[in-house]
Each structure stands twice: as C-alpha cells, then as structure tokens.
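Chains as they are written, first to last, in the working numbering: chain R, 44 to 305; chain G, 44 to 305.
Mixed in with the good hints, there may be bad ones.
Given that identical chains are not distinguished, each listed pair holds provided it fits within a single copy or across any two copies.
Unchecked claim - Computed list of lysine-lysine pairs in DSBU-like fashion (alpha-carbon distance at most 30 Å, straight line):
no., residue 1, residue 2
1, Lys122, Lys232
2, Lys245, Lys195
3, Lys195, Lys232
4, Lys81, Lys177
5, Lys195, Lys177
Quick caveat, the hints were computed from the structure, so don't treat them as lab data.
Protein chains: 2
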Amino acid sequence: MRAVLDTMGGDAGPAAPIEAALCFLRRHPDDELLLVGKSEIIEETAARHGMDLDVARLNIANCDQVIEPGDEPVRAIRKKRDSSMVRGLYALRANEVDFMVSSGNTGALMAGAVMIVGRISAIERPGLSSIIPKLDQRDLVMLDLGAGVDIKPASLLQYALMGSAYARVVMGREMPKVALLNIGTEAGKGDRLRREGYSLLKEWGGGTAFHFVGNLEARDLLRSDVDVVVTDGFTGNMVLKCFEGTIDAVREITRRGMNSGT
Amino acid sequence: MRAVLDTMGGDAGPAAPIEAALCFLRRHPDDELLLVGKSEIIEETAARHGMDLDVARLNIANCDQVIEPGDEPVRAIRKKRDSSMVRGLYALRANEVDFMVSSGNTGALMAGAVMIVGRISAIERPGLSSIIPKLDQRDLVMLDLGAGVDIKPASLLQYALMGSAYARVVMGREMPKVALLNIGTEAGKGDRLRREGYSLLKEWGGGTAFHFVGNLEARDLLRSDVDVVVTDGFTGNMVLKCFEGTIDAVREITRRGMNSGT
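Could you put the whole structure together from the sequences, leaning on the hints where they help?
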C-alpha cells in the first residue's frame, strides 16, 4: 500500500504526524509513505525531536501553503492549490497513492475529496464516520456524523454500503450487520426519513453487501452486536456530542464526589 | 387548586398513585383531589396498604374501563368512554379540575388531551417534556421528546412558549432562557428545521414571553444555564435515550471494574 499523510493538519503541529509516519513504516515493511507539507518545517521538527527522515520508502513533497482550520472549505480548496491537503488529494486522484490521511480542516477535506478525487459511482454524497467502542470490546462504525443534513432516504442506503465496505475491509467483518439508528425498534417508527430509509435498507440488506438487522435505539448502541450504524448527519453529530456531554458530566460528578470525600 | 389523578396508569399498580394522592393532600391543605379508576380496586388497594381514603378534599369517581399500555391511542379514547383516563380528561374539559396527572398510555393521553380538552389557541400540536437535572443543581425543561416528528419550524416556537410557561409557573423562572438544541452554536448551523426555527425564535424571543439565547449543543446541555431547551420529537427522544444508554454503559463498566478489582 502507498499512503499520503498531510503533516499540516492537527492540533499538535507536525511532530505527531511525522512520528506516526515513521512508526507506520517500521510496522509495515512493504508500504510506502508520502509526506506533504512545508518541507522546511517538517525537517526542522524532525531534527528537534531527533527523528531521522532519511528512511527508505519515505518521500516528502514540499507545499508552500497551508489550509487553516478557519478557512472556508470550498474557497480554500480552489485558492490554495499549493497546500498540503490539495497536493495530497491530487496524489490520490493520480493513483500515486492508495489512501490519504489528514487531520486538517474537515470541511475542506470533504469538499476537496469530492472536487478533486470524485465520488464512487452510485454514492451521491460523502459521509463522516467514527469508530465507537462497545461494551463487548468490539467496535462499530457509525455514519454520517455531520457531512449531510437534510438528506434523502437513499443516502442512508449509501452510508450502509460505505460503512459495510469499511467494516469488511478494515475491521474484518465478513458480512457486516447494519442497523438504522431510530427512536423505536419496530418497523414504522421514527420520522419520514427513517420510515423510507428502513424500507430501502430492508430491500437491499438481504445479505449480498450487508445484513440489515432493523432499527436500533441510541439507548442500546453500546450494548448492540452490530457492525455498522447509519443515520443522518444531524442526528449522528447530536448523538456523538451527547455521549461526550454525558461522559463529561459523569466525570465532573465523580470529581466532586471525590473532593467532598476528602 | 383542584387536580384529577388517574389511578389506573403506571407500572406499579394503583398503590403508588393512591399514596401520592394522600401525600399531596397533606402537603397542600387548600387543594382538592379527584381520583379516577375502578373504585373497588382503589378501596381494596388502600385497605391492603393501611391507607385511609376517608379524607377531606378527596373524592373518587368510579370508572369501569381501563386503557391498557398496548391499546391503540385514538381508538382507546373513542371506545373506552368509561375509562379513568377519559373520565379525567372530561373533568378537565368541564373545569371541574385545574390539571390532570396520569402515568397511563402516553399516546392515548396525548390523543385524548387533544380530542377531549383541546389545544390552547395558537398551539398546533402537543409536546412531551421532561425535567433534566443539570450539574449546577438547577433543572431545565426539554421538549419535545417524541410527540411530534416531521414538525414545522413554527412548532419549535410553540414548544418554546409552552416550555417557558412551565418554567415560569412551575419552576419560578421569571424570564426563562430558551435555547435551541443544535449541532453547532453559530446561527446558520444545522438542518433546514433548525435554521428556520432559529430565525423564528430570535424574532419572538426578545424578552416578552422568553429570552432566546441561541443554539445549544448536546455536549453542553448538562453544563448550560438555560431553563428551556427546544427540539423536535425525534431528536429529543434520541438525546434522552442517549443519556440513558451512556449512563447505563458507565454503570456497567464501573461494575466490571469493581468485580475485577476483588
């Protein structure tokens, strides 16, 4: 496999992606990696951290521009042609690499992926996914988490197809079990999007690409035995932030309890 | 105040509502209470628990039918005219009482409230609300939690008005702060319902009936200083169940940790 890694994204500066790149090459002796970013900064950072960039299978492509977190996505992709993100996406488009990793501006990455690399046939819009750890120590992949709001039911089916491909290839689940996030388990529950999405998922989820197991309530997400959970971007984002907020509150309550106990 | 209490709802049978009724009358020496339900069962239950129903300001209205949890709501309200729920709603309609409490079939209660008691002028649909305890030890009221899916933006404004009335009268908040549950804090975030709802809330929330404070993310719900949070029934129900599921998972992880520690 050949990968491209955008060193200019991420909150912690380029040290983390450079270290990750070297670690990746050590663990995967047949793979190649292309670093994109300001080569001066990459080299300075590596030197300061005592990291040796003179490694086989590692290449660096210099780019003089950086897409910032606050940049307007589409405009940034159009204007910053010499940014690390745009350079990486063109490497992907030209088949110089098999996949790209970036922790930069999410909106720009999504817009750039669609504008430069393009969509898979029959997939109308991109999805943002996350790996959710469950109580049974297995992970599930959930999407969409905010790429699409006001979607059509067909998008739920497309998320199911993309999530299943990920579950099969990356997580090793042969016939992924897909559930629709909903406010009840019975068919016919939820709003129009859910009811129409349910029918589509049932029609296509008979075991060719994935196995549709029906509706799943947010209450049962962490206890479920499914591999993929599909929802619209508004709901997915809401649920993800709700997890964060609840865990944060539990931590705060625990901290107070400990302080008052001393 | 005069209240009607439906003794036939609730998972624990009529003992809990009867005990609540007696407790209510002790604490509120000027209020009156009407119990509706099968008087034979009410009297038997009271006797078995040593509760004295021969109390001033307490009346019992016998009803021979019961609306069951599995009953189809509209059909149940139409057919079971001598049920405790329908009897209570008619007492409310006739101004025999000021409010009604029932823990019976939620769908039937909502349908019956609309069909028998009617809606307040300018309120197009009922809302289901819940009191959410926050980290600052103050409560907020959140609605809707599932009465309305596929709602129009105007419903969000109506939920704000109803939630504010509750916050003012029941919780004593003079000028309730209302927030819109959304996936970002900036105006313009979210789907079409949120964007149009935001404009309406901003237009009306200048401090006559309530004060609109903008968007609130689910992550910040338990840390916020608002009194009322409005959302559509699908999202509200999802968020509520997400809280439950996360707390449940934390409990499970803690239990495992304790067991493995022994």
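Hint check results:
1. Lys122 with Lys232: Classified as between; 25 Å across copies, 46 Å inside a copy.
2. Lys245 with Lys195: Close inside one copy (16 Å) and across copies (28 Å); limit 30 Å.
3. Lys195 with Lys232: both (17 Å within a copy, 19 Å between copies)
4. Lys81 with Lys177: neither (39 Å within a copy, 46 Å between copies)
5. Lys195 with Lys177: Within one copy only: 28 Å inside a chain, 35 Å across chains, cut-off 30 Å.
Of the numbered hints listed earlier, the single one contradicted by the structure is hint 4.
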